[in-house]
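K.L.:
Listed below, chain by chain, are the residues.
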Amino acid sequence: METQLTLDERLSTQSIIVNDFSITVATVNGSGSQTSNAAILRAIFKMGIPVSGKNIFPSNIQGLPTWYTIRVNKDGFVARKREADILVAMNAATFSRDLESLKPGGAFFYADDIRFPISRQDIVAYPMPVKQLIRQVEIPPYLKDYVANMVYVGILAQMIGIDLEKIRQALEFHFKGKAKPVEINYGVVSLAAEWARENLEKKDPYYLEAMDATAGLILTDGNTAAALGAIYGGVQFVSWYPITPATSLAENLQQYLPKLRKDPETGKNTYVVVQAEDELAAIGMAIGAGWGGLRAMSSTSGPGLSLMTEYIGLAYFAEVPVVVWDIQRVGPSTGLPTRTAQGDLTFVAFMGHGDTQNIILLPGSVNECFEFAWKAFDLAEQFQTPVIVLSDLDFGMNQWMGRPFEYPDQPMQRGKVLWEEDLEKLDGKWARYLDVDGDGIPYRTVMGNRHPKAAYFTRGTGHDEYANYSEDPEDWHALLNRLKKKFETLKPFLPQPVAEKMEGARINLVSFGSTEPAIQEARALLQREGIASDFTRIRSYPFNDVVKEICSTYERNYIVEMNRDGQLHQLLRMHYPELSAKMISYAYTDGLPLTAKQIFDFIFSMEKQNERTSISNGC
Amino acid sequence: MREQASPTDVKVVVNAIGLTKADYRGNPSTLCQGCGHNSISSQIIAACYELNLLPEEVVKFSGIGCSSKSPFYFLSRSFGFNGLHGRMPSLATGALFADHTLRGIGVSGDGDTASIGMGQFKHLLRRNMRLVYIVENNGVYGLTKGQFSATADQGLELKAHGINPYMPIDIAWEALVGHATFVARSFAGDPKQVKELIKAALNHNGVAVLDIISPCVTFNNVDTATHSYAWGKNHETALHELSYVPRAEEILLEYDEGETREVELHDGSMIILRKLGRDYDPTDREAAMKVLEEANRCHCLITGLIYIDPDQPSMWDIYQLTDTPLNRLREDQIRPKRETLQELNRAFQA
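For the protein sequence lines, the chains are A and B, in the order given.
The working numbering numbers the first residue of the first sequence as 1 and each following residue consecutively.
The working numbering numbers the first residue of the second sequence as 1 and each following residue consecutively.
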């Protein structure tokens, strides 16, 4: 048990802590704190220190509490941590709870107009005269509330050592170089920093020191990465309907497309973005465009995907390429619309009535959000089928470090499309659903092809190889089985799992998506306890049998995911029942990104239990 | 029309682009004998033939239902997509962006449009996508065997379902209220009017809604039903006699001064409306509302071009796409250059 120390004893015994702590900023939603938090985050990143930023926000426009957590870690472990070392309290409504949540020895910065007693003696409390400082700033009154949050940026900068010049650069990034807002906000930051320099005495142990660990890296969110990846994948048609947390993907497309995708000579557009009336229409439009030969996509989240299911089933059956991003949030139902989860995996794997299959891509970093965004179009067109990309809110809306985006390393794969000259050569002899090459992938034509034999009639009803209506049992059976063959053909073309080894590992941690940072940190914690582990991150579905080979080599595979039922675990056991005994599920969902400690605690206790069982069994 | 010698030396009639009527036909219809939908399909074929449209430059869409099967029965040389129930408008909207030089024809029914598809129908209108949207309106569900549709009259009695207690939806009204830029009502039993309306609609720069009463001979054709042949024949009041005249074609129709109204479309072609008893101005939205209300009040089938606004920008005017159809752009036209990505990366870097 930890002995109770007074604050002074604690401070005198502990040494300073550099580049290894968490900051939580508690504010009121809609008060402009996003700019402040983004500035702190990017400034730390620009100081060369590994960092991540996560917004724990409510489904609300203005008024409800919101928390922003920043994790700084010199070793690069930037998964969410539950406890804050530094807390910035700007919200009276959560003041007591925020104060309570701070770690002993932590630093508590609070707006001094919040008149609550500071009930704890084991923390360092710093009052911030927010209102008083803002009064000194010459700006229109309507802006005062918004820039008030810059006060804590300045005070925090002074007290933990954020480089003010980097804050200015971060503001320039945020305001896209617009001088006026940069000047106003930076003015408040420097004023507050100066006040802190003169009035506050440093008593907490937390310091930042510039490093060189982020040189060359980028800091961005998964939705920006996905939008840019789609643009470099040649996206031509986007139809979407607003839904948190997918909205910013489409908005990023709207922001970047006009800059990147106008015909250089005429200034005309080579893309279309339509905000549809709902998800039913968004997917209908995207499938229409995909059928017409465009690289077409939509972005949504779970509830929207539920609405899209019928049309995606038709696209699977009629063999229409389309890409749909599902930025997962917490379901069922409206659930927790502003929180993260990985709960749509089995839904997407089986979505649609009848026998259906979908290609699922599972990006695990902002880089993969970019890469899979362009690859998704290649796969959709090559295999004439819907591709669903499963991201989540944590990726989509939070800030992640990554390598610079890499330009596509292969030409576009447009698949088997016959144009006029191709049909000329074939003397007009072709059939839409005929498996000419024996790979299950037929040839297609697209509207606008003027060859008199180009046209065919696409339908969701039973059809023969010539696209004619058919209720013939043999036609139906042959068609469904050809589709199955097509899915066998495409498996090797999907992104393979990434595997990481550790000396002496007998266990394997298996995951997908956004949980890797927490898992990597958990592996380091396990290693410290003498438990070596390997790591496998699955990047697509249907699984390639490499997954089976990998998992069969371990005594135990821990399947780690953010949902209740262990959906990846379910799919793995369904496909590889012979490995069931080697697969242990760690599935947890509460709306927040997993922490390393949660994963560590589970695996550590399981491994200890296993050790005891082995000993008692005399092994 | 001109004649051309075929190999067997039989005279074959062809249109100005050398195609025969057979080039516009579809597969044999599997709808009931006498179904109004078949007669509409025939008029689509005739209209395209007479307009000298290359079938490859027309694209067909439909939802689900008897009406939505019909695109298979005309224009076999045109691409077609039979989508989901009530969701043809979105499918057509997306697809038409692939090649803006094509003309779209969407065929829907009263179930497909006025029930499950009402939302997409309304939003198609407000976007003014260039699409001919034909509702084959028979007041009844055919494929599921005789349930009331949302356009069925209040008090209509059907064999298996008794008396309809609800108020009907008026598709032309909905179109007008929804800012459709071309609203017409017609009757499958009036093939000439149907054909001329389709020709005009195909040349309208925007969405054109044709609410065509198309009797269901199997489930809803008793003489007192407003969707029946007999009722239509006895109650049709045409607003005008309508002719579509393509641009650069001499106006051969001879009318006395003051007898006609002319509406010029964006491409310079004309719709000529010969007055029948009244001087109806289809560019007057208020007059259009009045005439629809009058039709409801007098319980009669007023047909013709109810409303047209040839000047409203269409989706093509709004989106400013390249002249080359989007689906023919090359890779280098849709994948930005490498340097642009390096520039973006720099902005995100530390």
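Hints are supplied without guarantee of correctness; some may be wrong.
Stated by the list, open to error - Calculated lysine-lysine pairs in the DSS-like style (CA-CA distance at most 25 Å, straight line):
1. LYS259(A) with LYS337(B)
2. LYS416(A) with LYS453(A)
3. LYS453(A) with LYS337(B)
4. LYS337(B) with LYS176(A)
To be verified - In silico negatives: residues of chain B with every beta carbon more than 12 Å from chain A:
5. VAL13
6. LYS21
7. SER42
8. GLY86
9. PRO89
10. LEU91
11. LEU102
12. ALA160
13. THR283
14. GLU331
15. ASN345
As the list claims (entries may be wrong) - Chain B side only, calculated, beta carbon under 10 Å to chain A, not exhaustive:
16. ARG25
17. PHE61
18. LYS122
19. MET167
20. ILE169
21. ASP256
22. THR322
23. LEU344
24. ALA347
25. PHE348
Honestly, the hints are just simulated from the structure, not real lab data.
Ideal placement from N, C-alpha and C gives every residue a C-beta, glycine not left out.
K.L.:
Test the statement that ALA160(B) is away from the interface with chain A: the closest C-beta pair must be farther apart than 12 Å.
P.N.:
25 Å, holds
K.L.:
Say whether it holds or is violated: GLY86(B) keeps its Cβ farther than 12 Å from all Cβ of chain A.
P.N.:
Nearest chain A Cβ is 8 Å from GLY86(B), so the label is violated.
K.L.:
Find the nearest Cβ of chain A to the Cβ of LEU91(B) and say whether that gap is larger than 12 Å.
P.N.:
4 Å, violated
K.L.:
Quick one: work out the minimum CB distance from THR283(B) to chain A and report holds if it exceeds 12 Å, violated otherwise.
P.N.:
28 Å, holds
K.L.:
Are all beta-carbon distances from LEU102(B) to chain A longer than 12 Å?
P.N.:
Contrary to the label, LEU102(B) does not stay out of reach of chain A, its closest Cβ about 6 Å off (not over 12 Å).
K.L.:
With chain A as the partner, please determine if THR322(B) meets the hint condition of a C-beta pair closer than 10 Å.
P.N.:
THR322(B) check passes; min Cβ-Cβ to chain A is 4 Å, inside 10 Å.
K.L.:
Holds or violated: the hint that PHE348(B) contacts chain A, with Cβ atoms closer than 10 Å.
P.N.:
4 Å, holds
K.L.:
Between the alpha carbons of LYS337(B) and LYS176(A), is the straight-line distance 25 Å or under?
P.N.:
22 Å, holds
K.L.:
Regarding the pair LYS259(A) and LYS337(B), is the alpha-carbon distance no greater than 25 Å?
P.N.:
Given pair LYS259(A), LYS337(B) holds - Cα atoms ~12 Å apart, limit 25 Å.
K.L.:
Less than 10 Å between beta-carbons is the criterion; does ALA347(B) satisfy it with respect to chain A?
P.N.:
7 Å, holds
K.L.:
Quick one, is the ASP256(B) hint okay against chain A at 10 Å, beta carbons?
P.N.:
44 Å, violated
K.L.:
Would SER42(B) pass as off the interface with chain A, using Cβ distances and a cut of 12 Å?
P.N.:
18 Å, holds
Hints 3, 8, 9, 10, 11, 14, 15, 16, 19, 20 and 21 from the earlier list are contradicted by this structure; the remaining hints agree with it.
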